[in-house]
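Student: Each chain, letter by letter, is given below.
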Amino acid sequence: MIANLKALFSDIDWYILAASLILMVVGILFIFSSGVTSTGVVVSTEYLRQIAWVALGFVFLMLVVLVDYKRVKDSSFVIYAAVLLLLVYTRMFGRVVNGARSWIGIGELGIQPSEFAKIATIFYLSKYLDQTRHSLPGFRRFLGSLAIVGIPMLLVLSQPDFGTALVFIPILLSMSYLCGLERRYIVFLLSTVALTLVLVVLPLWERNIAARPTGLLFVLYEGPYRFWILGACVITLGLAVWGFLVFRNRYYYWISYAFLILILSLVGSELGHRVLKDYQIMRLIVFLDPSVDPRGSGWNILQSITAIGSGGFAGRGFLQGTQSHYRFLPQQSTDFIFSILSEEWGFLGGLVVFGLYGIILWRTLALLKTVKDPFAVGIVAGLSGMILFHFMINVGMTMGIMPITGIPLFFLSYGGSSLWAVLIGIGLILGISARRYHS
Amino acid sequence: MSDLIPEAKPVDPRRILVFRLLAVGILAVYTGRLFYLQILRGGEFRSQAASISRQSSILPSQRGEIYDRGGNIPLVLNVDSFALDIVPAELPAEMRDTVFLKLAKLTGRPVEELRAKIPSSYYHLYQPVEVVGSVPYPVIVSVAERLDELPGVTWHAKPKRNYVETGSLSHLIGYVGDITREELKLLFNQGYQSGDVIGKTGIEKQYDSLLRGRDGREYRVVDVRGRKIAGAEPSVDPPVMGRNIVLTIDRRIQELAEKALGQRMGSVVVLKPGTGEILAMVSYPWYNPNLFLEADGGRAYARLLNDPNKPLLNRAIQSAYPPASTFKAVVTTGILEENAFPPEKTVLCQGEVSYGDRVFRCWIRKPGHGAVDLKGAMAQSCDIYFWTVARDHLGIERLVSYSKEFGFGTASGIDLPGEISGFNPSPQWKERRYHEKWLGGDTMNMSIGQGYLLTTPLQMANMIAMIVNDGIIYKPHILSEVRDPSSGAVIRSVAPEVLSQSRIKPETFKVVRDNLRAVITEGTARYPVSTKAVQVAGKTGTAEVGLADRWHSWFASYGPYGAGITDDTVVVVVMVEATNPWEWWAPYASNIIFQGIFANQTYDEVIQALGLSYMIKPTERVE
Numbered sequence: 019m020i021a022n023l024k025a026l027f028s029d030i031d032w033y034i035l036a037a038s039l040i041l042m043v044v045g046i047l048f049i050f051s052s053g054v055t056s057t058g059v060v061v062s063t064e065y066l067r068q069i070a071w072v073a074l075g076f077v078f079l080m081l082v083v084l085v086d087y088k089r090v091k092d093s094s095f096v097i098y099a100a101v102l103l104l105l106v107y108t109r110m111f112g113r114v115v116n117g118a119r120s121w122i123g124i125g126e127l128g129i130q131p132s133e134f135a136k137i138a139t140i141f142y143l144s145k146y147l148d149q150t151r152h153s154l155p156g157f158r159r160f161l162g163s164l165a166i167v168g169i170p171m172l173l174v175l176s177q178p179d180f181g182t183a184l185v186f187i188p189i190l191l192s193m194s195y196l197c198g199l200e201r202r203y204i205v206f207l208l209s210t211v212a213l214t215l216v217l218v219v220l221p222l223w224e225r226n227i228a229a230r231p232t233g234l235l236f237v238l239y240e241g242p243y244r245f246w247i248l249g250a251c252v253i254t255l256g257l258a259v260w261g262f263l264v265f266r267n268r269y270y271y272w273i274s275y276a277f278l279i280l281i282l283s284l285v286g287s288e289l290g291h292r293v294l295k296d297y298q299i300m301r302l303i304v305f306l307d308p309s310v311d312p313r314g315s316g317w318n319i320l321q322s323i324t325a326i327g328s329g330g331f332a333g334r335g336f337l338q339g340t341q342s343h344y345r346f347l348p349q350q351s352t353d354f355i356f357s358i359l360s361e362e363w364g365f366l367g368g369l370v371v372f373g374l375y376g377i378i379l380w381r382t383l384a385l386l387k388t389v390k391d392p393f394a395v396g397i398v399a400g401l402s403g404m405i406l407f408h409f410m411i412n413v414g415m416t417m418g419i420m421p422i423t424g425i426p427l428f429f430l431s432y433g434g435s436s437l438w439a440v441l442i443g444i445g446l447i448l449g450i451s452a453r454r455y456h457s
Numbered sequence: 055m056s057d058l059i060p061e062a063k064p065v066d067p068r069r070i071l072v073f074r075l076l077a078v079g080i081l082a083v084y085t086g087r088l089f090y091l092q093i094l095r096g097g098e099f100r101s102q103a104a105s106i107s108r109q110s111s112i113l114p115s116q117r118g119e120i121y122d123r124g125g126n127i128p129l130v131l132n133v134d135s136f137a138l139d140i141v142p143a144e145l146p147a148e149m150r151d152t153v154f155l156k157l158a159k160l161t162g163r164p165v166e167e168l169r170a171k172i173p174s175s176y177y178h179l180y181q182p183v184e185v186v187g188s189v190p191y192p193v194i195v196s197v198a199e200r201l202d203e204l205p206g207v208t209w210h211a212k213p214k215r216n217y218v219e220t221g222s223l224s225h226l227i228g229y230v231g232d233i234t235r236e237e238l239k240l241l242f243n244q245g246y247q248s249g250d251v252i253g254k255t256g257i258e259k260q261y262d263s264l265l266r267g268r269d270g271r272e273y274r275v276v277d278v279r280g281r282k283i284a285g286a287e288p289s290v291d292p293p294v295m296g297r298n299i300v301l302t303i304d305r306r307i308q309e310l311a312e313k314a315l316g317q318r319m320g321s322v323v324v325l326k327p328g329t330g331e332i333l334a335m336v337s338y339p340w341y342n343p344n345l346f347l348e349a350d351g352g353r354a355y356a357r358l359l360n361d362p363n364k365p366l367l368n369r370a371i372q373s374a375y376p377p378a379s380t381f382k383a384v385v386t387t388g389i390l391e392e393n394a395f396p397p398e399k400t401v402l403c404q405g406e407v408s409y410g411d412r413v414f415r416c417w418i419r420k421p422g423h424g425a426v427d428l429k430g431a432m433a434q435s436c437d438i439y440f441w442t443v444a445r446d447h448l449g450i451e452r453l454v455s456y457s458k459e460f461g462f463g464t465a466s467g468i469d470l471p472g473e474i475s476g477f478n479p480s481p482q483w484k485e486r487r488y489h490e491k492w493l494g495g496d497t498m499n500m501s502i503g504q505g506y507l508l509t510t511p512l513q514m515a516n517m518i519a520m521i522v523n524d525g526i527i528y529k530p531h532i533l534s535e536v537r538d539p540s541s542g543a544v545i546r547s548v549a550p551e552v553l554s555q556s557r558i559k560p561e562t563f564k565v566v567r568d569n570l571r572a573v574i575t576e577g578t579a580r581y582p583v584s585t586k587a588v589q590v591a592g593k594t595g596t597a598e599v600g601l602a603d604r605w606h607s608w609f610a611s612y613g614p615y616g617a618g619i620t621d622d623t624v625v626v627v628v629m630v631e632a633t634n635p636w637e638w639w640a641p642y643a644s645n646i647i648f649q650g651i652f653a654n655q656t657y658d659e660v661i662q663a664l665g666l667s668y669m670i671k672p673t674e675r676v677e
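Residue numbers (my numbering), protein chains in the order written: chain A, 19 to 457; chain B, 55 to 677.
FYI, nobody ran anything at the bench for these hints, they're computed from the structure. Possibly wrong hints are sitting among the right ones.
Said to hold, decoys possible - Keeping only pairs whose Cα atoms sit at most 30 Å apart, straight-line, the calculated DSSO-like set for lysine-lysine is: (1) Lys239/B with Lys295/A; (2) Lys529/B with Lys491/B; (3) Lys239/B with Lys159/B; (4) Lys254/B with Lys295/A; (5) Lys259/B with Lys239/B; (6) Lys259/B with Lys295/A.
Bound-form chain B, shown alone (with noise of 0.2 Å):
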């Protein structure tokens, strides 16, 4: 201490005496807050403890319902369900087995489970904590009756959400769940709460915020006990409806082209060229969603996210494959636009052909298909003719730019949740990623869309619709109408909205459409595609996979050829994977969904029609 200058007053005084001011004057302002609120105003606020208290309880809203383009019957309905909360401190320690034994036995369900929403630290809480959801009418009564037993059970409704339709549409459709805590996060500022119920994928989760209403409120008012004061009446702010939707799905032929692609690991798209309206999809293998609305939902979820076939993913658009040879439409469009290789001139294919220190094979082998010219290429599917057009005179920059007009490597925008893009290789990327040039080798294998290029089956139908359009996609969508839940009346109609629109001359386009005629008239699918409702054209793609004697297999196709772009052409892509047992039978599930729509068939009309019940597996008539 003796460093220091000996100071008689280290503090200024002034300032402590500010200091003291300044508690002294906080407390002063505070007794005299506490002083108005307990003796000025206290008999008031006593009078309004004691015997009104607002006590609220929520009235669940309507979730929207989902109808398919006929808009008659739904897809999605509402059923009256319940669930049993308990407030865990009204309920007394000594009775907790007990009464947890009792909700068991009255639930059915597990005491553990039971036991184990309410851990020992919420046993002072007041709120309410759902125990058990999806609790049937009858239930509840029996609950009702023994409540005297059954201290601090209580109940809300909760309507369920039912799926009418489940099969192939559960992909479209979703399902909804308990929203959690990491949604909470991002949505509390658009209004969720915690315990609401929120589209989990599909049309639920795209459309959430028109399909979920909002909850409304009783508020009664009671005195402290909690009882209910005779003649004061409850004051009700109303819930309102969420709206309803319409698809632009049409349900029968969603059915067809369900069936016609069976059990087989994959999916179709049927779309409407002229406005992007998504008239079907499918995706196997599909879920039922009513699962995961039931008590143990949980743990059939997480069955279905562990199942190798991985049955939650929409295959349609959240799975990306090699376009195989219906990339040749892609090409023929380039060497025609760019005048890159005369259409009439020839190639001579003998099957296979040297390149660098490979042997490339076309697919048919030795002896080949001898000349061809371009449209012989595409109906025989020649791939020495695209290898050696595209590596020579079309060149890879051209073939990258066509591959990105047609919208590959591009999410499409569909409303749905989850869509992915594919890739669209170019030499600049294959540089950046694996520091090694791009070489011949490589444009020849993109040529006949293997290698590095991966797309969705709906950017194959957006391909095949911008070749119908004479350059124009719409965009994929498959909401049609909303709908006011009460009056039926079109709040929304939703409008074809153009996507991209190509520079590409239609003439172009025109031999492009010739060509995949062909295919159908003289080419690969002469006898898969043998329906007489339509005429059809399209291509076959058969895509390695390293697989000795399964492919993938593709069929991108539309009809009616040649009556021009009008309300009948649809767009139809199926698409089976190589882990299925080898049917080549994408063009077959394609011919029965043409001849279902045109002939106006059911699917058993059709295998019948066309003669194909030899080539269905007894499993799959069963239905």
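Here chain A stands alone, though its shape is the one from the complex (with noise of 0.2 Å):
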């Protein structure tokens, strides 16, 4: 037993465990510099709590990698459904925290159960994909992957909270294109959901940032036109799948293919518009032109790119920042962590963390070439998609090439249940990669 434990620690992959550690070090600093007044009061206790979260989640991360992860492999479908359960319960009684019912707990203390869902999907999916990998027929697959995440997607969805539910798609691509699905259905899901964006946001560009009509754009959201063109490549949809059906032709297959992507993607943006308030999809796109709107979304970006900008190459200093500390910043402990730590640090600060992720990414996909079992390579595959998505998006916000939508930045933004879900997965990576030579 200890001889196990001292090979498993002997095991373990300490860059990724490390990189992990700085990173959130670095939150605390910087959460508590965004507590902080220009006049040197410090007027929040966020990091007390940020603290005490990465102790308690830090504990959750040892745990996670002492269990075997394969053991847990059976109990996948229980874990997976406890926390759709726990995401409608959350959905009826929870907490509304920023116009979602997001939160579940008791007085101060609660939890974002869609954080947890994210993993528990990952874990149920990696199973299923394992599962069915010589049984199923690929088309099959997809559409069980399809299920297994769209569900909990949906759910967070109608709390509503765009941003995390956007977070569900990013883990079914990475997964299915790593665990072997056939390229077309990636592709199919690719085109589906960036068409679909396309078309929710297209009014809305073309009123507020092209500022001018273009032309024929008006056929595919005004009046009768839309149900025209919808009703159109319905009949096209059923000929091509008629005729694939009669004369077996690859061409009819492609083109059946072709106008399944643009059906969904119109119901689709319909639905879109139908949930969005215009507020929201203008913030989705209010990055592309941030001067649109100069006090409302646009403002947040303009303030977070000066605040990037001001730093500098090696920044202000440690809690010497202007735009945070003079209130420019909103949001600065949680959404814009990033731009008081690139203001306060500058450029170098930036290409440390930039660097810490780069560590914890090529360490984790480094992973796929040894690791055998195609459980293991799902759930990292999974992992490392939705924390390089979350990057991506939190990030390239901040610096003004990424759209509004409130995800988190791991590791270093403020709040306890993004922390604790990152490093249960953290813990998962550590665990394959201390056990992929084990049979």
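Assembling the complex is the task here: the two chains are given apart, and the hints tell you how they should meet.
Tutor: See below:
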């Protein structure tokens, strides 16, 4: 037993562990900084709570490392189902924070079940993809994966927490890609999501950012035209499917493929317009030109860019940032933690964060070459997709090249739930890494 | 593991490579972006952050003023007022209690109330939080003098609404308040923002989009510490004033109607049938909207909300009652138009009549009115006549359709929020609702305006308007004109709009008008409607509500009779609820209103002229 433990610890990937720990310490420093006013008064105790959450999260991480992930494999469906129930409960009785019914808990303490839903979904989807590898045709596997990811995603979307729901898409993409689903399904998913997003933001983009009517676009979202177009697509799809079934010609297959993408995107964008308010859609595209809304969502981006830019090469020094301490920067401890870091530590500090993220991602992806257990491959693929997406969206947002979605920056942003979720994920990665040569 | 086919590489190495390239690509692009922002453009951003940032402050707009039809003296004004704010993050923790205590002393508000405005979850906020509203200027001056002892305290101008004329106008004008979270959800996309003042009811709500202006902003260029930079002129985005509104309400008639109703629960509607303009609308009890705008407005509102007399209710459009005998005007129209029963043929009233297992008693009891024809039945309000003719000759289907024709059961669409539609029953409805057949007894009840039928006083005024107008009802409204706040130019003027047009013959309406006149000259309202200033025609109504000695009292009338429709023609409807001690007040109140309007007298002069002082309780004469 002791020998086992010793072996386990000698096999731990210390690079990943060290990088995560350093990132968390940096996070605590800047959460502290965000709570200091221009006169040097500490007005927020968020950093103290973050310390507690880091400590507790580290315990979780260790526990996950100690338990062999394969022994939990059989319970993965139970975990997944439990998290789904928790999401349903949250949807009905949860507390509303920032407009979404996303919290459950007692008094000041609470968790966001949606963060843990990501991990549980990765876990169960890995098992599903592993089990169906030889038993199901690719198309059935694709539909099954879609359902497994779709249910928690829709539940989160109904809270409504658009940003967190969005994270499920890269999880599905990275897992199905690395677990060997046929390329056409992945392309299908990618193009449907992309086209839907474009169609959702197009009308507002035209009105507010392009600020001139762009001719034919109106047929896609106005009055009877859109229904005619949808009808024409459905008829074409029907004919192509019929053609494929009768003539068995690949040509018809690809026509059906393209038109199904088109139809799903049209329907999806229609739903998007019904569910999302104009200002929510605006947040998705305002980064293209923040000056169209300089006092609303654009304000956040402009202030964040100014803060980052004014950091320069070496930064203004810890606790010396002006944009942050003179209240110009919004949500400094959560969504815009990278901005305050860049202002105070400059380009060098940004490079350190990128480097640490680089180490975590590189070492994690390296695992995929040596891990033989397909279940473990799925977990690693899903987690790396999730971490990369969070990084890309959050840091991109602060630098004005990604939409505002309210996705936190793992390890650095203030908040217990997302931190614990990623630490459980890191624990899984470390456990898989340490056991990859055991049989 | 042994059951798995051993595979050297469970993952396609090409796919791992693609994924790695993606990660590296993102990191590279982001590093490039960071380099661009911090190194290439760093100096630019640094000087921007160091020297200048724009601070904006709100220049509040003036809400539009509201005038009566004279258009000279406003009914609602804006007065200068201020609100005190605290920026929580600038208030050091150890100073918090002393600052709150000092502010409480300066403003005279309880300290707990101030403290409750800034819960601990706000302590790190940099946005100003309003802690006291409607603060007068002298208090602001004393705060400003002591600003060094009050870190984090600021203030902003917040013009306050002052309702000059309160009384019965409060139901029409309504009041304003801070926008609630629920309202904001609905109105966010129309440009409303949190902290906005919004009309909550009445005209203030109905025409909020006209009355509200747009707040302006002043941008100051300041350094990072918030100090003004010398030489930099502030740029101003000027506020846009709200539009002024002129109502159709005649202040003199409103006051007359208010006093004529006195302290009786009920309502009065005075309407110009030729245009649909409301000249007066009174609902008692009323409230003082200025109370809501005081510092403890919430409590005043809660008190009114829980008042059993429901002072917040505009009874003229938000309460429906059985119309009682006033409905006989509708039945009469039906009988005449359908030739259901010859108008000169009589029915013998012996005071009561048996139908089914019930005895129906005419209001006069035994020995009854004797033989009455249609005109006599209307004048004497004989129930037996209408019961018999409606049940045996007109029939329920036609009764329902005439009632509908007169607008009962449909909201009139007046430009005030919260109007209810009353209720016009039908046999089909009764079967659906109670699974019971419509009986002859139900028809009899409805023919004298009892039973399921419910109408608002405004609908009653429309009924009379239709009779006066030979079948046309104009949409009732109280907005007359919209004016530009600075030049006073009329921007929009409300034209009469036909609400409904009946195909009933004009001759029919003429006979109905004659019969209504007979109510005054030889019928039930002979004594109460004593005015000589104008020839009145109308109908009394006394609705049973299940109390032994009290009834709803209606009087629905118009004047002058016989002059055709002129600019002077007015419809007056008075409704006094059964909750008041029984005085049969509705016809008396109408009498006072007609005398006042047509003899151009004040309430006190009317009381003198008509010799009514004996009827006015001493308490009412104190104003």
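Student: All hints are to be evaluated individually against the structure, with a verdict given for each.
Tutor: Hint check results:
no.	hint	verdict
1	Lys239/B with Lys295/A	holds, 10 Å
2	Lys529/B with Lys491/B	violated, 36 Å
3	Lys239/B with Lys159/B	violated, 37 Å
4	Lys254/B with Lys295/A	holds, 24 Å
5	Lys259/B with Lys239/B	holds, 16 Å
6	Lys259/B with Lys295/A	holds, 24 Å
Of the hints listed earlier, those the structure fails to meet are numbers 2, 3, in rising order.
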